[in-house]
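Here is how the chains run, residue by residue.
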Amino acid sequence: MIDIAVRIIVYGAVVGGIWALVASGFSLIFGVARILNFAHGIFFILAAYLGIVLAKSGVNPYLATLISILFVGGFAVAIYTGLLARIKEHEVMVIIVTLAIALLVEQILIIIFGEHGISYPALISGVLRIGKTPITYKRILAFVVAVVVLALLELFIHKTRTGKMIMASSQNYEGALLVGINVDRIFIITMFLSAVLAGIGGVLYTQVFAASPAASLKALIFAFAIVILGGLGSIKGSIVAAFIIGYIITITNQFLGAQWAEFAALLVIIAILVFKPTGLFGVEE
Amino acid sequence: MRAEMLKTDFKKLILGIVFLVVFAAAPAFLPEAYVYLVGMMFLFLILVISWDVIVGYTGQVNLGHTVFVGLGAYTAALMQVPSRFEGSVDFLAGMPQAPIPVSILAGGIVAGFFGLAIGIITLRLKGFYFSLVTAILPLVFLKSVFVFSDIFGGEEGFSIGLERSLAGDVTLRYYYAFVIFLISFVIIYFIVNSRIGLRFRAVRDDEDLAESIGVNVVRYKILSFVISSFFAGIGGAAIVHYRITIGPDLYDIPLMLLIILSAVIGGLGTLYGPLFGGIVIYLMKSWWLRSLLPSIPEWLPINDDVILYAILIAVGVLAPEGIWGRVREMLRERAEAESPQST
Chain Y
1 MIDIAVRIIV YGAVVGGIWA LVASGFSLIF GVARILNFAH GIFFILAAYL GIVLAKSGVN
61 PYLATLISIL FVGGFAVAIY TGLLARIKEH EVMVIIVTLA IALLVEQILI IIFGEHGISY
121 PALISGVLRI GKTPITYKRI LAFVVAVVVL ALLELFIHKT RTGKMIMASS QNYEGALLVG
181 INVDRIFIIT MFLSAVLAGI GGVLYTQVFA ASPAASLKAL IFAFAIVILG GLGSIKGSIV
241 AAFIIGYIIT ITNQFLGAQW AEFAALLVII AILVFKPTGL FGVEE
Chain C
286 MRAEMLKTDF KKLILGIVFL VVFAAAPAFL PEAYVYLVGM MFLFLILVIS WDVIVGYTGQ
346 VNLGHTVFVG LGAYTAALMQ VPSRFEGSVD FLAGMPQAPI PVSILAGGIV AGFFGLAIGI
406 ITLRLKGFYF SLVTAILPLV FLKSVFVFSD IFGGEEGFSI GLERSLAGDV TLRYYYAFVI
466 FLISFVIIYF IVNSRIGLRF RAVRDDEDLA ESIGVNVVRY KILSFVISSF FAGIGGAAIV
526 HYRITIGPDL YDIPLMLLII LSAVIGGLGT LYGPLFGGIV IYLMKSWWLR SLLPSIPEWL
586 PINDDVILYA ILIAVGVLAP EGIWGRVREM LRERAEAESP QST
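If you're matching them up, the sequences are chains Y and C in order. Heads up, the first sequence is in the working numbering, so the first residue is 1 and it goes up one at a time. Heads up, the second sequence is in the working numbering, so the first residue is 286 and it goes up one at a time.
This is chain C alone, in the form it adopts within the complex (with noise of 0.2 Å):
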């Protein structure tokens, strides 16, 4: 048994060698434009992982995680240029400029609050009301960023300046973005591995079991909800100082579309499995697809997002517990087919 898991840990941590090995090394073969779109998607991949703590982790469907993401990200955008507050809310318009790393932070505790407060009203309910609150609260936010449009820029958003970017250099850029994510991950794969991570699985197998042995579900609810939006929070701000720009696709459905995709593919509550959901769909929302849409005839209503949206049904109708789920279940059927005597 020991030695079973001493083998895993040892696959997974070759796995995880390779991994940062390729990406580490991946600016000096990639052409620019590449490399931007790469470190965009190390961000991409924090959104997925942190929706599947309180998703796969905790069970409970989150269907507005890009509120949080959004915002992280206006939190940090406005941080940088606080003249947007002018003739509204005076008294932020003379805030100092925040250096980045403070403006990231800010972005992941104001939306970790923000999931603490709507954690607090529909968390303590059982049944449906959190799925029902959270996919409503993107929509609003939506509305709001035209509705006050002259502090959040509307449609087109607004920009911080190249000056406020992660770096100036796409490469160091692209490295920034893959430590960002590399924290990240690590902070949350303890905690999801850790005693908390245990009572958060606890409560999602069984709500009541876990209820009368002791532990407090309401409150591993929230505190899971809480992490989940700070990373969320955190992802967005830094989206926000790795492309300059901001605007209210950070908020918009399509983007919570391809988190919920990714994670799904990859199958819920494995944290490896939405990593490498989060990779293959974001490469191939950039790459593929956008090769594959001249060859569909004009005709037909069809565009990235149908094609997306295609997959996610027929992935959850065929295979809810994921791919990756699916190839591991697999593989280990044949490994214990081969060797029968091992248990």
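One chain only, chain Y, in its complex shape (with noise of 0.2 Å):
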């Protein structure tokens, strides 16, 4: 009972930190730009199989990552600039374009690897035991990493200037235009960060779980879970429900097994739909 206990603490701590990486980068630049990208999960996703290709060829796993990471932030810029930044007020049609992406890399990645997950190389080897309960090191330093990253975004956001144009551009477009902050170029950067933000998260839950092309739609369900109970664009709601959403996950999985996760977050989605729209730190729109 008690390792049950012990290990759904522990896990649902290291889920919900990876899910709060790949929710804030998915709040970001919706409260930014008011982009909803659909193609959120292929940046989680991509990163992980360019990371495991790398590496498998030679290259030192965290140099591997480094790479990798840094990658899905161009390639999301290149997506913005050359897709997205066209048809921005068409919000119809960012919504099928970004869906369209997403389903074109998942397709392409299909092709090339196959349905089947394959493992992130360990950047870390070990097994820590609590009690019984045997704890990997990998989930450890997913948890510490997501931590430390999720305090910088934090830290990045209030305390740089670079940050205040951000927050500045997500509260008030057209203010910030006013006082001659290059919205354009904020978007840009909130792009690229929202995207280091999942392929951070996707380095770190394929090391603890496993890569496979289904796990960037995943990722996407979660995102949607965790932003609607958070509230839309508050990066704040986004942190604090990963967590929530993660214990669920983790519970449900526990005692119902894992092909129930994605009933779970509809359900949830839906009782907030129903009882409290705003989620709990949205503002009314």
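If you're looking for bench data, these hints aren't it; they were derived computationally from the structure. Predicted, not measured: the structure shown is a model, and the values here were computed from it. Do not take every clue at face value.
[As the list claims (entries may be wrong)] The following label-pair restraints were derived from C-beta to C-beta distances: (1) A318(C) / E89(Y): 44 to 50 Å; (2) S580(C) / F156(Y): 48 to 54 Å; (3) E623(C) / H90(Y): 27 to 33 Å; (4) L66(Y) / L410(C): 36 to 42 Å.
[As the list claims (entries may be wrong)] Derived DSS-like pairs: lysine-lysine, alpha-carbon spacing no greater than 27 Å straight-line: (5) K56(Y) / K276(Y); (6) K88(Y) / K411(C); (7) K88(Y) / K218(Y); (8) K56(Y) / K164(Y); (9) K218(Y) / K56(Y); (10) K236(Y) / K159(Y); (11) K218(Y) / K236(Y); (12) K276(Y) / K236(Y); (13) K411(C) / K276(Y); (14) K411(C) / K236(Y); (15) K218(Y) / K428(C); (16) K218(Y) / K411(C); (17) K236(Y) / K164(Y).
We treat Cβ as the ideally placed atom computed from N, Cα and C, and that holds for glycine.
The two chains are supplied separately, each in an independent frame; assemble them into the complex guided by the hints.
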């Protein structure tokens, strides 16, 4: 009994930390540029696959991880400037085009790597035991990295000049333009940050679990559930909600089985929309 | 002005008659396999034009249209093979086999009611909630097919048996599909061109303005969604009776993308556009892409879905108002340039 409790507490925190990274990236670009990015999940999974490929071809795993995370950042900027910036005013098309990008990438990944999961090269090995519960260092690493990155994100947004400009653009687009902020540049920076957060999440997730093309849609579903629970556009809300969802998923996995995780996410979303549509920290639009 | 309207009505009428004659005569000179394919296309067109009602006419981006297609399909299939409920939901297992029109209608009704429930929850909220929730639904329903595979048949699905198809003969089945399509099209046509359709468009173009002149925005959004879902269910149920098998592909995302692509290429909110987009995309996927694929070098990670997604991205970015709309605009501009005196 105590084992199960320990496992749920630890595993939930790890999963929550990972989804917090992914969801805060999703929330960031929505809050700032009003882009509902259905392609967010591909940054998550592309970083993982690129890291795996690089590491297998002999690159140091840490270097491979760094390269692949920066790559998805660059990829996101390319998608934004090449495609999304042109249709930003056309909300319907932004949704359709980003969804098409997500499915295009997923399909290509299926053709190259197959549908089955492959695991990310170990960045750390070893097992810690709490009582009878084994906890791999990979999980601990994932949790620590997630918390550090989220803390850095918080610092960046509130303490640096660029971060404040990002905040200003998200609060009032025209106001930001008026005081001389280059809003287009801010959007590009935000897109980069958003993808990097997803990429880190992807590497950490596939360390602990495995990379499969379908994981990108899974990441997207959980990101939706988290931002709806936390309130659309609120980063703080996303982080808190990620841990709540993380625990819900872990408990579902523990007692019902992994195939129920999506049902659980949907139920949470429906429940929030029925009882508190603005989410925990959202503002009325 | 009136003469102008008559003229365009006349053009539409001619086009409509040509459309009817061509497709009514098609089985006479097409090989049987193609007849089957074109019949299937009609049922696909129902899915496309019904999607256009909620997205094109009312401006609410529904990414889960296939959920309603699948709901209609599984409803119809299970009404034909109620024995699949044995051991799980026993009281349904004793259900008598329903006549085919009843099971198609039931497919639409179940889908419509589910649309009503989802609509009440999500459409009363402004913003992006509707798209987010409808995007998740297909994935959840797909999972349900595998989790409850005793009933739904899992990956392979199940067959309802040839004797429960629309008709044993392929040509006759083609005409049934054609008629189901025509009935759906005419009903949808009258709805979107009625006062109700006018309100749908008012909601799409300016929600606040529509509200201020007394349109109950939420109610019309939900109404539009229910109509759209109902016809998606009809289409899904008809597909089951057309091809005799049911499987999770009817819930799946490739079908969703095919619907979106057809409507986007044709131009949202025009009904005719998505109709022609649907014909082009369906035939292209079934004929041209199949023959094109072997010519693509093996090492390129490309299949037909990849090509369709790439086309969708290109069209979405380059011609968000649709290729059909683009062409029409160009024709109109040319006509205006030629006869500057007409207004």
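Which hint numbers does the structure go against, in order from smallest to largest?
-> Hint check: 5 and 8 fail, others pass.
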